[in-house]
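**Student:** Sequence:
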Amino acid sequence: APPGSALLLSLLLRPRWLAPERAFALTMLAATSLCAAVEATTGLRPTLKWPNDVLLAQAKVAGILAELHIHVGAIDWAVIGIGVNVRAHPPPDQTRYPATSLDAALSGAVNRLRLLRALLRQLDAGYGALRADGYDALFADWRAHLATLGQAVRVATPAGLLKGTAVDVTPAGALLVRAADGVLHTVTTGDVQA
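Just so you know, we're using my numbering here: the sequence shown kicks off at 2 and counts up by one.
Source of the hints: derived by calculation from the structure; they are not laboratory data. Heads up, a few of these hints could be off.
Using C-beta positions, here's what the derived DEER-type ranges look like [said to hold, decoys possible]: (1) Pro99 with Gly5: 20 to 28 Å; (2) Val73 with Arg132: 32 to 40 Å; (3) Leu121 with Ala145: 19 to 27 Å; (4) Arg179 with Gln59: 19 to 27 Å; (5) Val184 with Arg122: 24 to 32 Å; (6) Gln152 with Leu69: 23 to 31 Å.
Backbone N, C-alpha and C fix where the C-beta goes; we use that ideal spot for every residue, glycine too.
Could you put together the complete structure from these sequences and hints?
**Tutor:** Given below as structure tokens:
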């Protein structure tokens, strides 16, 4: 991204208290925190594309990636990477999905520092709430932001292409897709297209 055009950050966490089977909570935390920060600083209401893209009017404005290390049955560390298109977004010929920026959605300039402060406040509060056993509330918030649910989707999985309707998500973050033959598939990894 050109200098000054994006908000890019990596956050190091040491959530040894979080059970490894709930590690996806860190992605949910970043996604819901970013949605809240964007809304607080711009008034825009972002949604989520399963599992980790932030959308404005069905165009990608941000992405989240998490990497973690599990040692002796505990999460030793996690790095959450967040990238937000603030001023510019990739041209259509350089991306597989429609993309946008906060400035384009607002028709005006967004203060990156103000957005960063709002995001860090949301992450801090959400991390504390998650640690105090707030997994269910976090999951409900993440699920409520998912634009993917109820949509006809194509999911590129390691096993091949799956077509169907995204009907729900599991508490662990897996996407439930009902195929045309009625079979319900649990998708834990894959690239989703609506």
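**Student:** Compare the structure with each hint and give your call.
**Tutor:** Each hint tested on the structure:
The given range of 20 to 28 Å is respected by Pro99 and Gly5, whose C-beta atoms sit roughly 23 Å from each other. Between Val73 and Arg132 the Cβ separation comes to about 20 Å, which falls outside the hinted range of 32 to 40 Å. Range check, Leu121 to Ala145: about 22 Å between beta-carbon atoms, so the 19 to 27 Å window is met. The supplied range of 19 to 27 Å is met by Arg179 and Gln59, whose beta-carbon atoms lie about 22 Å from each other.
Restraint check, Val184 to Arg122: a C-beta distance of roughly 43 Å breaks the suggested window 24 to 32 Å. Between Gln152 and Leu69 the Cβ separation comes to about 29 Å, which falls inside the hinted range of 23 to 31 Å.
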